[in-house]
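Chain order of the listed sequences is A and B. Just so you know, we're using the UniProt record's numbering here: the first sequence kicks off at 1 and counts up by one. Just so you know, we're using the UniProt record's numbering here: the second sequence kicks off at 1 and counts up by one.
You may find that some hints are simply not true.
Treat identical chains as interchangeable: a pair holds within one or across any two.
As the list claims (entries may be wrong) - Listed below are the simulated DSBU-like cross-link pairs for lysine-lysine, each with C-alpha atoms no more than 30 Å apart in a straight line:
#, residue 1, residue 2
1, K366, K56
2, K407, K5
3, K419, K285
4, K180, K285
5, K366, K285
6, K56, K352
7, K180, K419
Just so you know, the hints here were simulated from the structure itself, not pulled from any lab data. Just so it is clear, the structure is predicted and the values come from calculations on it, not from any experiment.
Number of protein chains: 2
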Amino acid sequence: MTLLKSWVASANSATTDFPLNNLPYGVFSTDGGAARCGVAIGDQILDLTALEAAGKLPLDGGPLLQNGAWNDVMAAGPAVWAALRSELQAALAEGAAGQADLATHLVAQEDATMHMPFVVAEYTDFYAGKNHAFNVGTMFRGPENALPPNWLSIPIGYNGRASSVVVSGTDVVRPNGQLKGPNDELPRFGPCARFDIELEMGAIVGQPSDGMISVQQADDNIFGYVLLNDWSARDIQAWEYQPLGPFQAKATATSISPWIVTRAALEPFRTSTPERERPLLPYLKEPGPMLYDIDLEVGLTPEGGSESIIARTNYNEMYYSAAQQLCHHTTSGCSMRVGDLLGSGTISGPEKENRGSLLELSWGGKEPLTLDTGESRSFIEDGDTLTLRGAASGDGFKVGFGEVTGKILPAPAIPDFAK
Amino acid sequence: MTLLKSWVASANSATTDFPLNNLPYGVFSTDGGAARCGVAIGDQILDLTALEAAGKLPLDGGPLLQNGAWNDVMAAGPAVWAALRSELQAALAEGAAGQADLATHLVAQEDATMHMPFVVAEYTDFYAGKNHAFNVGTMFRGPENALPPNWLSIPIGYNGRASSVVVSGTDVVRPNGQLKGPNDELPRFGPCARFDIELEMGAIVGQPSDGMISVQQADDNIFGYVLLNDWSARDIQAWEYQPLGPFQAKATATSISPWIVTRAALEPFRTSTPERERPLLPYLKEPGPMLYDIDLEVGLTPEGGSESIIARTNYNEMYYSAAQQLCHHTTSGCSMRVGDLLGSGTISGPEKENRGSLLELSWGGKEPLTLDTGESRSFIEDGDTLTLRGAASGDGFKVGFGEVTGKILPAPAIPDFAK
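Taking the hints into account, I'd like the entire structure generated from these sequences.
The structure is reproduced here in structure tokens:
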């Protein structure tokens, strides 16, 4: 597939994340005004809320774009998703009629503030990257017992906290929590000393379901994907997680990209999950390629310093696709709702430089990273800004997600009642 | 405290759950009409949605009762909670003016269909009953290692699935899931064979918070309590829960009572959590009694048979109060929202007959229960109806929750794509 040309000149570059092939959806505002739905094209945003309000974007079941979130469009279903994308690709294509009028609804991205693109119904996080699971398991249990016995049969997931999800650019305050080192007799309350990222993709459920659905239906129900950083407090997690899983260690923040890249835009980049090391149960077998070839990277910028790229990997490293995860999520009869967000689990590749968390990159703090500036890092320090980027690459064009960025602020002072 | 008398005669009995002292809030409909907010009084419901619509119940910031859920009242804050309760206690008291008019807004409970009383924002389940944790731990790890090392320091919790929460009376379909017995080489997909209840109380967060709050603030933010049955698929859980906790085992259904008993109604029944076996960190210390003396029981009724009471216990068996749980929930900076629901964890007393789950009552299936009908049970069978009841007892009156009931229907047929 090649670049589709647009009359918006900046969309025709080989380096933009947002050519006409992409058309990701977000929510933005300008000058402190109301939040509006928009689509990114090159370095611009087309204001779809304004277009719909002016009667220039009639959608079945509309209005669907007047609530400052994409949930109404998702709920309207796949026929509306296809119609909207088709309408936008035609209207923004090179040579399209009505350019002058549409151009009055373009807003420069540099003038816009981005908001959460959708209301998160519930958030589930998975543990479905094999290199990550193997690395973490090796650190805690040794290489022979690295993978839990169920890992090759179940896309392991746990419920996360929807209220933790924030949009890229939101500062992240280092958490306090209960901590107990291996040699401490009793726990204490204080700031997390092993604060970390997890490089993930997030899949957004666009259609509700009751009862169990197939992998194919699950894929059909996914509206699109975001980049996701599952901020993790490793020391809080180590003390709290037995026997019922992570809780406060994952509740501080979960940052996502402001742009939802639709499943339709990712179609050309489908790829298969890797060969199975143990046969899957029939319900988890994929009828076709349901993973995507998306290059990913993580940058770390110390306060006042320059960025070092600390990891490069690809979404195709996952052992389970989002469709498999969503299918498994419904096995018990669990109802899924529009706006449910599924984190992929940390995406690490096979080599050291492909690891999607500092826990793995610094091997539990034992092998600190050296940044390009010469500073070293085992975990995140106050003032650091972490940035995830991701894009699929076509022939002379990219389909990108923009960035997920967050700066770490110092932990809150311990309140008197906790002293 | 003694019975407060009402002009609604049925509210003056020593056996009703709903005297004037209680005034629990629910959502109901009649004859397939719209869902309305109401308060239970004796065997009647006062239709508050109708009263407010008629201008007879002006509330600060109102209207607050027109959405078929109690979230708007919760969001309005403690001053409105107090004003509403005070207004209702005066209007329904023996000798109150305006009885004839109010009586036209009474609906017999037997003519009403009950609905979810509030929109659940997020659902968190805890593991904070010591007898339960000890029993379960003993079965899996022996009595020496029964309690996890963190148990006496942390109210252990995990995020549950808000979409699983249903109102009493909703049928519960036995789940399918991945199962692997200890002697099976590979897992298989099929119906849960160890389906169970967990007898719990649920605390409802009525005020939002950002950042860490104290135990006292947490208590102040709790709007009220419901009875809660955390249906659990023990065999699914056994295979899936390592290392990140229960997932599909708890996602089938979580049943709650249709009536929210307010914190105000429970004030006379406050009691302290038990003595600590290990000192708590300062932030978890309670400034006063924050548990409640509420008698609880579980009934099991086989299809077409009569009910056996299989367990009796009391909410005062908890090691951690809901206020402690909510405080701990905020330590990492986790935002809490109006309508968040916190399950207490299974409430088991010290004796065999006090155990709040079949897992404990039948000791993992090794000691089946004998019902009054002579039938035996290790876990729930299709057609069984499970009913939880709870009430605090005053001097000649009760403050009760009504019932949480659910009938188990057979598991769905395995779909073709899962064969």
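Of all the hints given earlier, name the ones this structure violates by number, lowest first. Of the numbered hints, 1, 2, 5, 6 do not hold.
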